[in-house]
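Student: Each chain, letter by letter, is given below.
Protein chains: 2
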Amino acid sequence: MSSIQDHLFDTEFLDQSLQYLGEVLNLQVTIQDSDGQAVLTQGQPGGRASRFYPFSFSQDIGGLTCTAADQEALAACEPHIAYCLAALNSQLAREEELRETSEEMLALSSQLNFLSKVARKIIGVEDLEECYQIILQEISLAINADQSLIHTRGRWDDEVEVRLNITREEEAALLECDCLRRRQDTGHPIICTLDNGKSLLYLPIREKDNRISGRMFFLRPANQRQFTAYEKKFVGIIENIISPTFETLRLYDSLQDLYLNTVKALAAAIDAKDEYTHGHSFRVAKYAVTIGRQLMLSGKELNDLEIAAYMHDLGKIGISESILGKPGKLTNEEFFHIQQHPVFTDKILQPIHLANHIIQGAIQHHERLDGTGYPMGLSGPEISLFGRIIAVADVFDALTSKRPYRDAMPVETALKILCNDVDKQFDRNVVLALLQALQDNVPGSEFSEVSNTLKFDALQNLNLFLKELTEFVATPPAGRGRTV
Amino acid sequence: MSSIQDHLFDTEFLDQSLQYLGEVLNLQVTIQDSDGQAVLTQGQPGGRASRFYPFSFSQDIGGLTCTAADQEALAACEPHIAYCLAALNSQLAREEELRETSEEMLALSSQLNFLSKVARKIIGVEDLEECYQIILQEISLAINADQSLIHTRGRWDDEVEVRLNITREEEAALLECDCLRRRQDTGHPIICTLDNGKSLLYLPIREKDNRISGRMFFLRPANQRQFTAYEKKFVGIIENIISPTFETLRLYDSLQDLYLNTVKALAAAIDAKDEYTHGHSFRVAKYAVTIGRQLMLSGKELNDLEIAAYMHDLGKIGISESILGKPGKLTNEEFFHIQQHPVFTDKILQPIHLANHIIQGAIQHHERLDGTGYPMGLSGPEISLFGRIIAVADVFDALTSKRPYRDAMPVETALKILCNDVDKQFDRNVVLALLQALQDNVPGSEFSEVSNTLKFDALQNLNLFLKELTEFVATPPAGRGRTV
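Those protein sequence lines, which keep their order, are chains U and B.
Residue 484 is where the first sequence ends in the UniProt record's numbering, and the numbering goes up by one at each step.
Residue 484 is where the second sequence ends in the UniProt record's numbering, and the numbering goes up by one at each step.
Okay, chain U solo, but in the shape it has when bound (with noise of 0.2 Å):
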């Protein structure tokens, strides 16, 4: 059912139309649906002579039908009816343009602001996964879909998903779905309905050679309509305009993963130096990641950590290998001369625009909350949050490990000497965060390197020991005895 009025916006027009047909032609005037139902009438009613006209449109919306007093009335006012119906087709006619013109206009301008919405949501995210899940929120909202995916290629050529909603197995019998299968390889969007009604939108990611990347899904529940050619174009157009921050992204986290590696080869060519050390600060590092994650700090933090603890250990280029390798005990000047290598760390990393904090926890691992640490003698709230946690990942790498003078130490004697040391020299939360993580990971592959020293009967009853620990260092100094 469909009736004019339903397709002219402005219906002044008609207004003056029916006026002139009623009270100049004095004509009565039905306007008919396309069912033949009257939807307004117009002029004296009683005339005996009718005609019906119907309009010219792309549908059926009806017509109008006069009616005159006689046959030679209705005659007389044919040549004025056919001009009035001519002006109303015209009009129809300009509005059903302008509505097209509109809608678009409404889209192309939807779309600009979409994508400027979208910059200011992406502007200074420096993680290409986050970016991702950023825009796959977006656009899943933007056209309604419920479930989404982003799979395509990250640093170093492996690969990078996002998914919203959807899990591998949907994901694994979308890539066997027949349209897919068929189409995915022209290299163009698809949109399909599924065996189970839902409606796929499928869209290959180029990058700038043209070759393809990657893919991006988005699914519309079965009870909704299907995706349109719309929503289509408007997805390729986003990825397209959005594609070369995506590509500096990556860009950025390869630089990323490529500057914390050299770090790492570096730091372990120091190491290396010494056949004490070997692998030192590989696992201070790592150490350090596991507890800084306990304390529920940041991916982009966790890095910088990484990064910092890496590096404690630079400064000793600076020192004499004879020292470093010294069997015997080091004479006192011989011990200060050790003693300069955060300092000599300092000097190496000054020059370069490393953040402040990165610096500190590399330097300041050797620092004691009671202020007898060295080099700086900093003590309390002196100490930055990294210096703290790598003090502990050093300490206890150091105890759990061969030295020149003594053997690997036991992992509950290390943990004993940590613990006894808490507030003297180590952060309560950090030493915590220790225990928790060997709760939760031992003997997983974060504490591998120690497992293998613990004893059996350690192992067996080692959550046991680990609550008496935590319990022991989780309670302040005046409530417990002196040691564990």
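These are computed hints drawn from the structure, not numbers from a lab.
Take these hints with a grain of salt, some might be off.
One copy or two, it doesn't matter: identical chains are merged, so the pair holds either way.
[As the list claims (entries may be wrong)] Only pairs whose alpha carbons sit at most 25 Å apart, straight line, appear in this in silico DMTMM-like list of lysine to aspartate or glutamate: (1) K273 to E334; (2) K326 to D271; (3) K117 to E104; (4) K273 to E333; (5) K233 to E161; (6) K232 to E130; (7) K347 to E171; (8) K264 to D304; (9) K233 to E171; (10) K424 to D127; (11) K121 to E207; (12) K121 to D209; (13) K286 to E129; (14) K300 to D209; (15) K273 to D370; (16) K208 to E301; (17) K264 to E334; (18) K232 to E104; (19) K329 to D178; (20) K198 to E12; (21) K264 to E171; (22) K300 to E126; (23) K264 to D423; (24) K273 to D195; (25) K329 to D421.
Add chain B to chain U, keeping to what the hints say.
Tutor: Showing chain B alone in chain U's frame:
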């Protein structure tokens, strides 16, 4: 001068109206433009009663004059003419609306097309300035500006400036112009006409925290029309949508800088272990980049070359200090051990995802074209360009620096040694590039370390000397004596 014909794209209905007035109402009808000139006439001439009906439109477009046989006939037609005029006026209103909407749609569509085009151009661009250059060019082309400028924050809060056809003096004058000084603080885009008649479009650049961090200028010549509000909006939208790419490139740029500086700092720390190699890597990197620039390497290649040069002695971490710093002659065994430092460099760098040409540059600087170098004994084309450049830079610095067993050589002696070993040890083009760089730069900053070793006579006659050497090197071995 304007008439209804200029404002009705579809003139079919106008024809129908004229036909109705002429044939049905028996009127003579004349369409008049805003100057009162007849532009169309329809129907029988010779009537005596006339009336002018102006069209109702946003501007004066004239109207129509109806002429009937007499006043009575005209009066009888009045209601029909009134309806006809209402139909034409309504048509005009719709057409105007349609034209405005279409123009707006075309504008939006061209913005989206522009964004797509720019996205394709900047995808994969790794350099912030290059990216700005592209954006400036594309926007200038789109809005018909012949001078433009971006001035904004680069890495580490330093400044980046890209200019097209605009001098520093012109920029300074712009910043002093009244309209900018009065309104720049409002943080909004500005259009104004300068005293010299040029039209200026100013756009502040904002970052994610909404802080203004830069500005864009576009200028249009004095003999052309002013920038429009639409062009101002257009540039604003483009800048807004592209800004995440800028922001990410800025991050990438900063990290590249951090990477280079970290490698440089570590190289300096390794050099510092031996008083005789203090500053060596820094100078080798400087000479290598100077040679690379003579060889027309790109900015990206020079950056990679600099990294490779800083890394060329990393492997010395693995060499014992007692051998590195030994004042007397080395034993065969010690010499073999020292020759392993590129192997250690390779071992350190292999686990990193570093581009192959960087690793090759770092580990091939002791290879010789005749195959008698170390550690691999590579010959001729097996040695990479970076390896050849760093070999020359390394030996040039070693010869012009003091060693435990000899003084620093004068630069002429060092150059003669290099020149005599062209084709055996060194690449001819690389040595020529060094000679050319010396001719261009001594006593400039690139060679500040060696220029004070030049004897006064040599400095006076340097260009002559360098030209002679250049000629010697440029001559194939068959055509010259054995040595210089």
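Student: Now tell me if each hint is right for this structure.
Tutor: To see whether the hints hold, each was checked on the structure:
1. K273 to E334: So K273 and E334 pass the 25 Å test inside a copy (18 Å) and across (17 Å) alike.
2. K326 to D271: Both: 15 Å inside a chain and 23 Å across chains, each within 25 Å.
3. K117 to E104: both (20 Å within a copy, 20 Å between copies)
4. K273 to E333: Intra 21 Å, inter 19 Å, cutoff 25 Å: intra and inter.
5. K233 to E161: within (23 Å within a copy, 37 Å between copies)
6. K232 to E130: Classified as within; 23 Å inside a copy, 32 Å across copies.
7. K347 to E171: neither (52 Å within a copy, 41 Å between copies)
8. K264 to D304: Classified as both; 13 Å inside a copy, 20 Å across copies.
9. K233 to E171: within (23 Å within a copy, 42 Å between copies)
10. K424 to D127: neither (38 Å within a copy, 50 Å between copies)
11. K121 to E207: both (22 Å within a copy, 12 Å between copies)
12. K121 to D209: For K121 and D209, only the inter-copy Cα distance (11 Å) is at most 25 Å; the intra-copy one is 27 Å.
13. K286 to E129: within (23 Å within a copy, 38 Å between copies)
14. K300 to D209: between (31 Å within a copy, 19 Å between copies)
15. K273 to D370: This pair counts as neither: shortest intra-copy Cα distance 32 Å, inter-copy 34 Å.
16. K208 to E301: between (32 Å within a copy, 20 Å between copies)
17. K264 to E334: neither (27 Å within a copy, 28 Å between copies)
18. K232 to E104: This pair counts as both: shortest intra-copy Cα distance 15 Å, inter-copy 23 Å.
19. K329 to D178: neither (74 Å within a copy, 76 Å between copies)
20. K198 to E12: neither (45 Å within a copy, 48 Å between copies)
21. K264 to E171: neither (36 Å within a copy, 46 Å between copies)
22. K300 to E126: both (9 Å within a copy, 22 Å between copies)
23. K264 to D423: neither (31 Å within a copy, 38 Å between copies)
24. K273 to D195: neither (63 Å within a copy, 70 Å between copies)
25. K329 to D421: within (23 Å within a copy, 51 Å between copies)
When each numbered hint is compared with the structure, violations occur for hints 7, 10, 15, 17, 19, 20, 21, 23 and 24.
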